[in-house]
Amino acid sequence: MKILVIETSNDHALLAAIEENQLVTCTRLPGGPALSNSIALEMKKILAICPFPYHRIVVGIGPGSYTGLRVGMALAQALALGWAVPIYSVSSLTAFAPDAPDFAVLVDARSGGVYIQKNFEPPRLVPLPDATPFLQDVPLLVSPHPARLQQRLPTLQNASWLETQPNPLLMAHHAAPFHGQLLYLS
Numbered sequence: 001m002k003i004l005v006i007e008t009s010n011d012h013a014l015l016a017a018i019e020e021n022q023l024v025t026c027t028r029l030p031g032g033p034a035l036s037n038s039i040a041l042e043m044k045k046i047l048a049i050c051p052f053p054y055h056r057i058v059v060g061i062g063p064g065s066y067t068g069l070r071v072g073m074a075l076a077q078a079l080a081l082g083w084a085v086p087i088y089s090v091s092s093l094t095a096f097a098p099d100a101p102d103f104a105v106l107v108d109a110r111s112g113g114v115y116i117q118k119n120f121e122p123p124r125l126v127p128l129p130d131a132t133p134f135l136q137d138v139p140l141l142v143s144p145h146p147a148r149l150q151q152r153l154p155t156l157q158n159a160s161w162l163e164t165q166p167n168p169l170l171m172a173h174h175a176a177p178f179h180g181q182l183l184y185l186s
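For what it's worth, our numbering labels the leading residue of the sequence shown as 1, then goes sequentially.
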């Protein structure tokens, strides 16, 4: 089975091709405004390395940047329509999960607090004052930007923090058929 993975909800965006549960190629994309300028060219490079046919497209559905989510979903929908393949979706926080038994993935929601996904439960938007009690029993805190979150959550300084990059194989493994809903937007 060939799977195309698209994650554009944050500044650790990526495109990846997976075949028979093996990563064939993965391209890291710039976040922010540069994403829109580079995604089509990078998609062309992915398809040169791992050409059509694909059996499904997996797309990260947030939480994250509204513009980034729209760019990724628009690409996924266009390719799915043209190729007549299904779209599967996964929480973008799942992409950052570590290989550990008990963890929480945290992403800064800016003024709205912090997005938290404990293990592989659905993500939640938690106000900053409620984050420490919510995370008190979690031994490992994971984030693409742990230093930023440690500043915003100084009461969690003694926690064990890990910086991670998105993992397209993990996204493909946890994806489910897309039902037309994006998660929280920042």
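Check each hint, because a few of them may be wrong.
[Unchecked claim] Using C-beta positions, here's what the derived DEER-type ranges look like:
(1) 174 with 53: 22 to 30 Å
(2) 157 with 81: 45 to 53 Å
(3) 24 with 132: 37 to 45 Å
(4) 180 with 112: 43 to 51 Å
(5) 24 with 130: 40 to 48 Å
(6) 36 with 169: 33 to 41 Å
(7) 136 with 34: 46 to 54 Å
By construction, these hints were calculated from the structure, which means they are not laboratory data.
Note that the Cβ used here is the ideal one computed from N, Cα and C, for glycine as well.
Tested hints:
Look at residue 174 against residue 53: about 23 Å separates their beta carbons, and that is inside 22 to 30 Å. At about 48 Å, the CB distance of residue 157 to residue 81 agrees with the hint of 45 to 53 Å. A beta carbon spacing of about 41 Å between residue 24 and residue 132 agrees with the range 37 to 45 Å that was offered as a hint. Between residue 180 and residue 112 the Cβ separation comes to about 23 Å, which falls outside the hinted range of 43 to 51 Å.
Between residue 24 and residue 130 the beta carbon distance is about 42 Å. The supplied range of 40 to 48 Å therefore holds. Residue 36 and residue 169 have their C-beta atoms about 26 Å apart, which leaves the hinted 33 to 41 Å range violated. A beta carbon spacing of about 38 Å between residue 136 and residue 34 contradicts the range 46 to 54 Å that was offered as a hint.
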